[in-house]
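Protein chains in written order, with this note's numbering: chain A, 448 to 843; chain B, 5 to 198; chain C, 125 to 462.
Think of the hints as simulated: they come from the structure by calculation, not from any bench.
Treat the hints with caution; some may be incorrect.
[Claimed, not checked] Quick list of in silico lysine-lysine cross-link-like pairs, BS3-like style, CA-CA up to 27 Å: (1) Lys773/A to Lys655/A; (2) Lys160/C to Lys139/C; (3) Lys189/C to Lys207/C; (4) Lys709/A to Lys117/B; (5) Lys625/A to Lys764/A; (6) Lys773/A to Lys155/B; (7) Lys655/A to Lys770/A; (8) Lys117/B to Lys155/B; (9) Lys160/C to Lys655/A; (10) Lys207/C to Lys193/C; (11) Lys678/A to Lys117/B; (12) Lys514/A to Lys20/B; (13) Lys160/C to Lys207/C; (14) Lys155/B to Lys764/A; (15) Lys709/A to Lys514/A; (16) Lys193/C to Lys139/C; (17) Lys678/A to Lys514/A; (18) Lys193/C to Lys160/C.
The chain contents come next:
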Amino acid sequence: MTTDPRMLMHHSDVAVSVELETPDMTLNLGPQHPSTHGVLRLVARVDGERIEEVEPVVGYMHRGYEKLAEVRTYPQITALVNRIDWVSGFANEVAFIVAAERLMGIEAPERAQFIRLILTEMFRISNHLVFMSSYPLELGAATPLMYALRERERVLDLIEGVTGGRFHPNFNRIGGVKPAAGGGSNQKNVVQDLPAGFLSETRDAMEKVLQVCDDMVDLVLGNEIFVVRTKGVGVIPPDRALAHGVSGPNLRASGVDFDLRKVDDYLPYDRFEFDVPLGENGDCFDRYLVRLEEVRQATGIVLQAIDSIPSGSLRAKVPRVIKVPKGECYVRAENPKGEMGYHIVSEGGRGPYRLKIRSASFSNLSVLPWLLEGVLVPDIIAILGSLDFVLGDVDR
Amino acid sequence: MTESRSDGAAAERDRKAAATAERIAALVGSDTWTAQFGTAKVVVAAGNWVEAHRRVAAELPFFSWLAAVDWARDVAVGEPPEDPETPERYEVMSRLADVTEGEAVILSTSLPKDAPVLATLSQVYGGAEWHEREAAEMFGISFDGHPNLVKLYLPDSFEGHPLRKSFPLLSREVKPWPGSVDVEDMPSTENPEA
Amino acid sequence: MSGLFDNFWVMLVVKLGAVVTVVMVLALVIIYAELKISAHMQSRIGPYYAGGRWGWAQPLADAFKFLQKEDLTPADADRPVFKAAPMVMLAGSFAVLVILPFSPNLIAQDLDLGIFYVLAASSVGTLGVLMAGWASANKYSLMGGLRAAAQLIAYELPLVLAVVGVVIQAGTLSMVGIVEAQAQPVFHIGSVGIQLPYLFQGQVIGFLIFMVAALAELSRTPFDLPIAESELVMGYLTEYSGIRFTMFFLGEYVGIFAMSSIAATLFLGGYHVPGLDADVFGPVVLVAKAMLLVFLIIWFRWTFPRVREDQLQGFAWRWLVPLSLANIAVTAVLKVAL
């Protein structure tokens, strides 16, 4: 042992053990946070940068839809439900309306069904464009956001031209779509059909959307840093996905070939040809890829649909006061985020006795505690973004 | 044209649902099933709940949702059931599907109002965990063996079970059901008071 | 009058004033450039209203806005450390500018230890970041500060080692000396001497390593994990507002300019262009070369997502350090052999 005072500071009689005790830190992400897609709170116990355990706390946006539905009539509920998943507004209404129509034994005319299909696919494009742009933003790349949203504006303008609303169209009616231009005694008989120039503008817009998909492939999927951040991250094995009810692009990215558009007949999808993109590994990269391909397929469906739109009325004859006879019916639809369904328990009143809303993001999010165990903190953002949920959908 | 297509499609849906319901009912050992409006529903006894799901799990691996319905004769909100002699109970429904042909079934069971206890499904289907938490806080049903039965949506200090028919909606206390609001005329130049 | 200019203290004040003024102006120009370049890359327009159609007064307006904001300090913050952190970081950035050679005679102080001093002074900024992260009394800031410290320490090594290759070739540590060494003709075609900057004299790998390490030192995307806007809100900067935030902000852009000019001096030939008089055109040439590299840095920010912490560290230790050591070995061998 030296007696040099400068060296003495660096020697000690205490041995330091190799295993350092580092206490865990409880990190609270949210509810106000740039990347949690709404008011989601994640209480995470972290050890350095690694997550030991995470508990999502939801319910900050619970609006009580199911209780509300018990005191509203069916047309009033139609105006409410497009706010559940606000990014794919129209798609939320479709399953509900079809369920009510089945209970009443009415079927919407073909033209109305085609318009519903076109609008649903446009909202799918809009939803996936938001995903494709905001996901790289969360990982740090700011430019794809601008490109994708620029094209999304075209699609939203088209939707606004048809329905009058960009996000909450409120365009479905029991028996078809909204036929009249508005209220007032001199307007009630004016049928407001698709606006002039709709077909050519749609073709134009779909071309631009395909172009931006190609841009995304170059800018995002070809970027080595993006690939390294997302490949192998957040893998959801298919059996766990099925047990938790994960649906939509998340399920298909794990390799399960299941698309409700091919299986159910709530809209005339069987008239059109389209592929269902599948992923291989179920990681974040595959989820991005599947959604990008779905945009391409959706543009194909829209182009086929506008080429073959039949003429006819926009709404079937329905009684003035809508009363749905007694029965129970569950209809599920392929929402952009997954399977969205409505189970209507009707006791013959003007409103449902019980409306159970099955929202896609609720089930998609329920796999999160399992998924986030043992990952690094920056990976939380990558995984959360790739699941593409919206808190309105989770909390209803 | 429209009529026959709708009849044909609806009949086809009902036929498929009936086939599914019959098969699943035989699988779980139940003799009550319905298949209306394209929805297959099999009634299961409460004691047989978990076992029925275990038997179905291999064929129908996709857990869609679990929910409850409060069947009550006196309701504080909305309208009461059509049949005034409806048996009062909590009906718990779970929907399971397969991912190859899209077959699906709703398994349903009834719980008495004074003792709404049911075994948990989270060992059979992991996704049932969150759905059961929601049903528990909304209806007051308790699930035996659930790993984490805390409130999901409601704040911790919330008292009461909102989706029960006996739970009033505050806005309806202040202003009763307005009636046929949705068939009023919109105001126009001739009739601004409409 | 001439006696006044010989007075050390007067010259010191003049030099400091000149450096600060020039660099602040340049920092504002770079901020404006970033706003406009990023806007056009994203099919936007960028600043449009402040200062006429081109929006050139936007950074000035932002600076004035920040200056008049309320000065917030978190209740639990460690006050002296919290207040000192931005000054430490700014000091680190400014200290580098002292030896930037704008021309053979226009340099604040031509130290013999030029580049060595630069590398030492720029690491003072790391301290400032760590102080900011710790003193903010905020878990997010702490995580940001720790990430920043790890990143900055990891990328110091490749930065230094990349420079060693240039020093071996130049044979001197002085900045002016390095530029003059690049001004020596490498070979002759007939009677015309061809002068090449070190980038073309075989220091390509050194240049690439230096640029990557400089990006990491500046905490710019793809290495901006410490600030990671979408994860930690603003990382170690979260709790800063008003003047203190401005100091950090300016420090970052001053650092960008400083690193770019150092790279320009070491690898691109500095103020020297063959055929132009260095005393007259030197500053313009150096600033032009530095701005080219600044454009590159801005371009990278808006193209790449950010790298994850473990990938960042792996990249530095497993790739950049061995590569730069190999670069030094090859340079040394070639210097002796040729």
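Against the structure, the hints:
{"no.": "1", "hint": "Lys773/A to Lys655/A", "in the structure": "47 Å, violated"}
{"no.": "2", "hint": "Lys160/C to Lys139/C", "in the structure": "31 Å, violated"}
{"no.": "3", "hint": "Lys189/C to Lys207/C", "in the structure": "20 Å, holds"}
{"no.": "4", "hint": "Lys709/A to Lys117/B", "in the structure": "41 Å, violated"}
{"no.": "5", "hint": "Lys625/A to Lys764/A", "in the structure": "12 Å, holds"}
{"no.": "6", "hint": "Lys773/A to Lys155/B", "in the structure": "33 Å, violated"}
{"no.": "7", "hint": "Lys655/A to Lys770/A", "in the structure": "44 Å, violated"}
{"no.": "8", "hint": "Lys117/B to Lys155/B", "in the structure": "20 Å, holds"}
{"no.": "9", "hint": "Lys160/C to Lys655/A", "in the structure": "25 Å, holds"}
{"no.": "10", "hint": "Lys207/C to Lys193/C", "in the structure": "16 Å, holds"}
{"no.": "11", "hint": "Lys678/A to Lys117/B", "in the structure": "50 Å, violated"}
{"no.": "12", "hint": "Lys514/A to Lys20/B", "in the structure": "32 Å, violated"}
{"no.": "13", "hint": "Lys160/C to Lys207/C", "in the structure": "32 Å, violated"}
{"no.": "14", "hint": "Lys155/B to Lys764/A", "in the structure": "45 Å, violated"}
{"no.": "15", "hint": "Lys709/A to Lys514/A", "in the structure": "32 Å, violated"}
{"no.": "16", "hint": "Lys193/C to Lys139/C", "in the structure": "31 Å, violated"}
{"no.": "17", "hint": "Lys678/A to Lys514/A", "in the structure": "42 Å, violated"}
{"no.": "18", "hint": "Lys193/C to Lys160/C", "in the structure": "25 Å, holds"}
In this structure, the earlier hints numbered 1, 2, 4, 6, 7, 11, 12, 13, 14, 15, 16 and 17 are contradicted, and the remaining ones agree with it.
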